[in-house]
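Going down the list, the sequences are from chains A and B. Numbered by the numbering used here, the letters in the first sequence go through residues 1 to 221 in order. Numbered by the numbering used here, the letters in the second sequence go through residues 1 to 214 in order.
Hints are not guaranteed to be accurate.
Among the chain A residues that face chain B by a calculated CB cut under 7 Å, a handful are [unchecked claim]:
#  : residue
1  : LEU6
2  : ALA17
3  : GLU43
4  : VAL45
5  : ARG46
6  : GLY78
7  : ALA79
8  : LEU82
9  : GLY86
10 : PRO87
11 : GLU91
12 : GLN220
Simulated from the structure, these hints should not be mistaken for lab results. It should be emphasised that the depicted structure is a prediction, and the values quoted were computed from it without experimental measurement. Even glycine gets a Cβ: it sits at the ideal position worked out from N, Cα and C.
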Amino acid sequence: MSALLLLYRREVSLLWAGGGGPLLACGFALAVTAALPLAIGSEPVRLVPVAAGTTWIVLALASLLSLERLFERDHEDGALDLLALGPPTLEAVFAVKTAAQWTAVGLPLSLAAPVAALSLGLDPALAPLTAGAAALAGLAFAAVGALAAALSLGSKRGGLLVAVIALPLYAPPVIFGAGTVTAAQEGTSPGPALALLAAYALFACALTPFAGGAAIRNAQG
Amino acid sequence: MDIENGSQMIAALHVSDLSISRGERRLFAGLSFAVKAGEAAQLTGANGAGKTSLLRAVAGLLRPDAGEVRFDGAGGPLDAGTARSGGVQMLAHQEGFRPGRTARAELTFQARWFGASAEAVTAAAKRLDLVPLLDLEVRVLSAGQRRRLALASLVAANRPLWLLDEPLAPLDARRRAQAAEIMAEHLNGGGLILAAVHDPLPVAARDIVVGAAA
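Required output: the full structure, derived from the provided sequences and hints.
In structure tokens form, the structure reads like this:
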């Protein structure tokens, strides 16, 4: 157990190091959000209807940024081979890296999400709901994204491949996450969409370690 | 708990009839040998003969085409997965230290990942005269210093089977003598060493020639 805790602390500190993870992701998310009014006009009548949807697209894209490094660096410098020889299984290693990715990127992004949504004109009363749904969506983004990173291990243009594998799997959390906030905006219950979002996130967390462990083993062989 | 049991358990390594290919090329076929507790074996052969691949196959990182790698404990055959996760440590060509982290952080992480206690890590760092280097980032260490860091991780974790890939290559004469001492101690304590080498190991070791299978 303590070995996994050590790994978690190492991964989080690696993601924080040099501003790579959270600052880059949040900066990217806010910069893209700021560009939207420039493209479609700054009248609230245009921005408010797309506030929730835009926020989730931006979250999904920002979640992709540091994924390539999640396993690739360890693969290149031989650390992944050592991780494979420890008492914890590669499935556990994968789960810990997913958790670190969520802590260092998903949670900071869930704080940036309400800022982005409010700046597009979302009702401030919906900010806590937006942050909560973004944290759940971040869990799904981290799990599915880590799987994409493991699957693209060893390929020459890994970064591109990660995005191509991950984005289709990001569709459900984008739909349910944006749907949660839109439903609340329209005065209907956000419950059903939020429940589906939570289900997808938990499902992803439960299943991806097995696929991810196998993908890492395959890349090593 | 498991780690403690693990470090007691591998008494012999048996490789039987092993064949390995990389891509389309068959590296070697029908290789068999055994290493028992207290013994060292050195793999020799030309560049590209498959020495590193053989080490990776023993570590379970590479699937052989045919043949078997078996680990025996005191009381008979062990499950290969358990034996590897509790009793095998590899010093590969790349040591697996992240350049941007301090030597202390990376040594501590690696050694403890393999089951070392915090005290054992400190003692091993002292033993290899690494203490003044521990606060430096790995990126500024020389190849020899990085290799000593990896040796410290082996000493601290003290797993029974060491798989070493050219362990002495970057070390100077004085450090080679120190590495020889460490290996001799490991063997005296009932450890096993399987090393890929071009220069002979500084301890008594059986030669195993890899390659020439065509």
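Hint-by-hint comparison with the structure:
Checking LEU6(A) against chain B: minimum C-beta separation of about 6 Å stays under 7 Å; hint holds. Taking 7 Å as the C-beta cut-off, the interface hint given for ALA17(A) holds, the closest approach to chain B being about 6 Å. A hinted interface residue such as GLU43(A) counts as satisfied when its beta carbon comes closer than 7 Å to some beta carbon of chain B; here the least separation is about 46 Å, so the hint is violated. The restraint placing VAL45(A) at the interface with chain B is violated, with a minimum CB-CB distance near 48 Å, outside the 7 Å limit.
At about 44 Å, the closest approach between the beta carbon of ARG46(A) and any beta carbon in chain B exceeds 7 Å, and the interface hint on this residue is violated. With a cut of 7 Å, the hint placing GLY78(A) at the interface with chain B holds, because the nearest CB-to-CB distance is about 4 Å. Below 7 Å, beta-carbon pairs count as interface contacts, and ALA79(A) has one with chain B at about 4 Å; its hint therefore holds. Against a cut-off of 7 Å between C-beta atoms, the interface hint on LEU82(A) holds, since the closest Cβ of chain B lies about 5 Å away.
About 5 Å separates the beta-carbon of GLY86(A) from the nearest beta-carbon of chain B, less than 7 Å, and the hint is met. Because the closest C-beta pair between PRO87(A) and chain B is about 5 Å apart, less than 7 Å, the hint holds. Nearest Cβ of chain B to the Cβ of GLU91(A): about 12 Å, over the 7 Å cut. The hint is violated. The restraint placing GLN220(A) at the interface with chain B holds, with a minimum CB-CB distance near 5 Å, inside the 7 Å limit.
The structure does not agree with the numbered hints 3, 4, 5, 11 stated previously, though it agrees with the rest.
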